[in-house]
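Since the structure of chain D is already known, use the hints to place chain A on it.
Residues per chain, in single letters:
2 protein chains.
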Amino acid sequence: MDEKVGHAGSEAAIREIIEGWAAAVRRRDYPAILQNHSPDIVMFDVPPPLRSEGLEAYKKTWDLFFSWTDRPIPFDFIDLTITADEHVAFAFATLNCAEPGPDGGQKPLKFRLTIGLRNIGGCWTITHEHHSVPAAE
Amino acid sequence: MDEKVGHAGSEAAIREIIEGWAAAVRRRDYPAILQNHSPDIVMFDVPPPLRSEGLEAYKKTWDLFFSWTDRPIPFDFIDLTITADEHVAFAFATLNCAEPGPDGGQKPLKFRLTIGLRNIGGCWTITHEHHSVPAAE
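Line order of the protein sequences matches chains D and A. If you count by our numbering, then the first sequence holds residues 647 to 783, one letter each, in order. If you count by our numbering, then the second sequence holds residues 647 to 783, one letter each, in order.
Certain hints may be false.
As the list makes no split between identical chains, a pair holds if one copy fits it or if it spans any two.
[Unchecked claim] Here are the simulated SDA-like cross-link-like pairs (lysine to any residue), alpha carbons at most 25 Å apart as the crow flies:
#1 706 with 739
#2 706 with 671
#3 753 with 770
#4 753 with 715
#5 705 with 748
#6 706 with 658
#7 756 with 686
#8 753 with 658
#9 756 with 710
#10 756 with 779
Think of the hints as simulated: they come from the structure by calculation, not from any bench.
Isolated chain D, as found in the complex (with noise of 0.2 Å):
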C-alpha cells in the first residue's frame, strides 16, 4: 500500500495530540484530558455503558477509571497507527494499562484503543473514542 496517501502534517500533529492526552491521563489532569475534545464526543468505555455521549458524560468515564486506585496508573502504547487526510483523521493502537488485582494491587492489561478525530478551524478535535479489552472466553 502507498504510504504517501497519508498526509504528513497532519500525522505529526496527531500523534502530539494523543501522546499528549496519555501523558494527561497519567497525571490525572482533566483540562489536559479533555482539551481537544468535541463537546458532541461519543465514548465508548472498556466497562458500562454501551455508550456515552457528551463532554461531561465522557468525563465521567474518567472518574470511575481513576477511582479504584489512588496510586499512578499505567497508559503507555505499546503501538499507534495513525491515518490522516486534511480533515479527517483516525488512529488505533494497543496500550498497556492494570485492573484492580486480587491483593488489592494492580493486575497488568492490555487495552485497544481507536480514536476518531476532525480538523474543525485548523484544531484537530477528537469527536469519537473506542477503548475495549476482548470479552470474556
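Showing chain A alone in chain D's frame:
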C-alpha cells in the same frame, strides 16, 4: 459544529459499503464480507485475540462468529455515524446482534463498532475495524 465540514459524496459511498458489508454478514457471504477490506486490515474483535492483522486473520474472526449456530444471526445497525474527508474516513455505530443463550438458543447482544477507511485509487477500503462489548461488571 459545522456539519458542512463533511464530504457528502464520500459519506454516501461509505454508507453503501458498510451497509452492504453488514448485509453480507447476515447472509454469511464471505466474498462480499471481504471485498472492500485492505490486505493489511487490523481487527479488534469482540472475543480474543487482542488484535488480528491481515485479511486471513480477519476472515478467521468470521469463522469463529459463524461457528456457534447454523441459524441466522442478527447484525443490524441501531445507528451509524460517518465522518469523511476526500481520502480518509471513520464510522461508528451500535448494533443489535446475538450470542449463545443458556438454552442453546440466541440471547440478544448489543455491541459497538468503529471502522476506519481510506480511499485508495478511488475505492473506499476498510483498513481497521474495532468491535466490542463493555467488560463484565
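Non-conforming hints, listed in increasing numerical order: 3, 5, 6, 8
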